[in-house]
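Visitor: Full structure from sequences and hints, please.
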Amino acid sequence: MYETVKHFDNLLHEKHVYKMHNVKFSLHPGEFNFHHLNGPMELCLDQQTIVEPYTVPIQMAPFPKQILLNLADIAELPNRTLVDIMAIVVHLDTIHRTMWGPFRKIVIMDARGYLHIIKVWGDLQNKNALRWALAKEDYGIIIGTMFRRFRRQECLESSDHTAIHFNPFHHNTHHFGPIQKALVALNNR
Numbered sequence: 001m002y003e004t005v006k007h008f009d010n011l012l013h014e015k016h017v018y019k020m021h022n023v024k025f026s027l028h029p030g031e032f033n034f035h036h037l038n039g040p041m042e043l044c045l046d047q048q049t050i051v052e053p054y055t056v057p058i059q060m061a062p063f064p065k066q067i068l069l070n071l072a073d074i075a076e077l078p079n080r081t082l083v084d085i086m087a088i089v090v091h092l093d094t095i096h097r098t099m100w101g102p103f104r105k106i107v108i109m110d111a112r113g114y115l116h117i118i119k120v121w122g123d124l125q126n127k128n129a130l131r132w133a134l135a136k137e138d139y140g141i142i143i144g145t146m147f148r149r150f151r152r153q154e155c156l157e158s159s160d161h162t163a164i165h166f167n168p169f170h171h172n173t174h175h176f177g178p179i180q181k182a183l184v185a186l187n188n189r
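Last residue of the sequence shown: number 189 in the working numbering, and the count goes up by one each step with no gaps.
I should point out that these hints are in silico values taken from the structure, not numbers from a laboratory.
Misleading hints may appear alongside valid ones.
[Stated by the list, open to error] Restraint-style ranges between C-beta atoms, simulated for each label pair:
{"no.": "1", "residue 1": "Phe-166", "residue 2": "Gly-101", "range": "15 to 23 Å"}
{"no.": "2", "residue 1": "Arg-80", "residue 2": "Leu-43", "range": "29 to 37 Å"}
{"no.": "3", "residue 1": "Gly-122", "residue 2": "Leu-11", "range": "25 to 33 Å"}
{"no.": "4", "residue 1": "Gly-113", "residue 2": "Phe-8", "range": "55 to 63 Å"}
{"no.": "5", "residue 1": "Lys-15", "residue 2": "Leu-134", "range": "45 to 53 Å"}
{"no.": "6", "residue 1": "Ile-50", "residue 2": "Phe-150", "range": "25 to 33 Å"}
Since this is a predicted model, take the numbers as computed values, not measurements.
No residue lacks a Cβ here, since even glycine has one placed at the ideal position from N, Cα and C.
Guide: In structure tokens form, the structure reads like this:
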């Protein structure tokens, strides 16, 4: 028991926020009320308790401000960078399932006609399944903030905070008009 107390005493620091798993609550037999729990309950931590530092999720802007039309510029960006992109949806891969959840690789084309891959995870993929299918069918334009996790990775990723706008009204969409027409003509042959 002393080792467990010493472990948590070294691990937990005042005014820090933690995420805890396998925590138990029990009634405290004394008259003392715990200030933050507001009652006679006490928090019980044991050897099965897992404590992780809590980090605030990355907050995405509701609508991208500076948009990259040439996605080759992404190669120069550092790790863990948010990137605002505008591109045409060209191909949808099958849904892959991992221990972190389902994702789909989507091939997009930038304003110069170069192909790139983005990974769309979880809710963003599921809630917009029809929109993704229609965007692929019509070579629709997407605009959104994506996450560049690692430089060695070949693709951008979404997060649960990413917002994708399909066929947006934006002053830069005219750059994609000729590319869309060429793709539709090529597809109709």
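Visitor: Please go over all the hints and tell whether each is borne out by the structure.
Guide: So, going through the hints one by one against the coordinates:
| no. | hint | result |
| --- | --- | --- |
| 1 | Phe-166 - Gly-101: 15 to 23 Å | 22 Å, holds |
| 2 | Arg-80 - Leu-43: 29 to 37 Å | 33 Å, holds |
| 3 | Gly-122 - Leu-11: 25 to 33 Å | 30 Å, holds |
| 4 | Gly-113 - Phe-8: 55 to 63 Å | 57 Å, holds |
| 5 | Lys-15 - Leu-134: 45 to 53 Å | 49 Å, holds |
| 6 | Ile-50 - Phe-150: 25 to 33 Å | 26 Å, holds |
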